[in-house]
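Participant: Sequence:
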Amino acid sequence: MIKDQIREGHGALEWMRDVRKRGEGWDESSPYARFKSLRLYTDKQLEAGLAALARELEESKWDLKYDGELAFCGKGSWSAVEGALRWKEGG
Numbered sequence: 001m002i003k004d005q006i007r008e009g010h011g012a013l014e015w016m017r018d019v020r021k022r023g024e025g026w027d028e029s030s031p032y033a034r035f036k037s038l039r040l041y042t043d044k045q046l047e048a049g050l051a052a053l054a055r056e057l058e059e060s061k062w063d064l065k066y067d068g069e070l071a072f073c074g075k076g077s078w079s080a081v082e083g084a085l086r087w088k089e090g091g
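In my numbering, the protein residues as written are 1 to 91.
Derived by calculation from the structure, the hints in this document are not laboratory data.
C-beta atoms are modelled at their ideal positions from N, C-alpha and C, and glycine is treated no differently.
Cut-off 25 Å, straight-line C-alpha distance, at most; resulting in silico cross-link-like pairs (SDA-like, lysine to any residue):
#1 Lys61 x Ile6
#2 Lys61 x Ser79
#3 Lys75 x Arg55
#4 Lys61 x Glu8
#5 Lys3 x Ala71
#6 Lys3 x Leu53
#7 Lys75 x Gly9
#8 Lys3 x Ala54
#9 Lys88 x Gly74
#10 Lys65 x Met1
#11 Lys61 x Glu14
#12 Lys3 x Arg86
#13 Lys65 x Trp87
#14 Lys3 x Lys65
#15 Lys88 x Asp67
#16 Lys3 x Glu69
#17 Lys75 x Ile2
#18 Lys75 x Gly49
#19 Lys65 x Gln5
#20 Lys61 x Gly90
#21 Lys3 x Cys73
#22 Lys3 x Tyr66
#23 Lys88 x Ile6
#24 Lys61 x Ile2
#25 Lys3 x Trp62
#26 Lys88 x Ala54
#27 Lys61 x Gly9
#28 Lys21 x Arg55
#29 Lys44 x Gly25
#30 Lys88 x Ser60
#31 Lys3 x Arg17
#32 Lys21 x Tyr32
#33 Lys36 x Ala54
#34 Lys75 x Leu57
#35 Lys44 x Arg55
Quick list of the computed label-pair ranges, beta carbon to beta carbon:
#36 Ser79 x Arg22: 42 to 50 Å
#37 Ser37 x Met1: 21 to 29 Å
#38 Asp27 x Ala51: 20 to 28 Å
#39 Pro31 x Arg86: 30 to 38 Å
#40 Glu89 x Arg7: 17 to 25 Å
Using the sequences and the hints given, assemble the complete structure.
Facilitator: Here it is as structure tokens:
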């Protein structure tokens with residue numbers, strides 16, 4: 001669920017990077033065209049976003065399981081710290 005959204009974001013950034021590399025214009029028929037702000041990203045922002053989303057996909061913090069209820073099952077734990085959720089890696 002969460003990782004699917006991260007994958008979609010990563011795909012959108014890759015699409016925009018590839019459109020620019022090929023020198024093409026904006027393609028309204030692309031499934032990523034709904035992310036209108038992609039046109040405003042600099043190349044540096046696209047690359048930083050791709051790296052950040054790739055890191056998120058490699059980590060286990062978004063791993064979920066369903067065993068009667070939906071729960072996070074990554075190698076670590078979530079906790080509330082000063083009103084914000086934080087992930088702490090751990091075995």
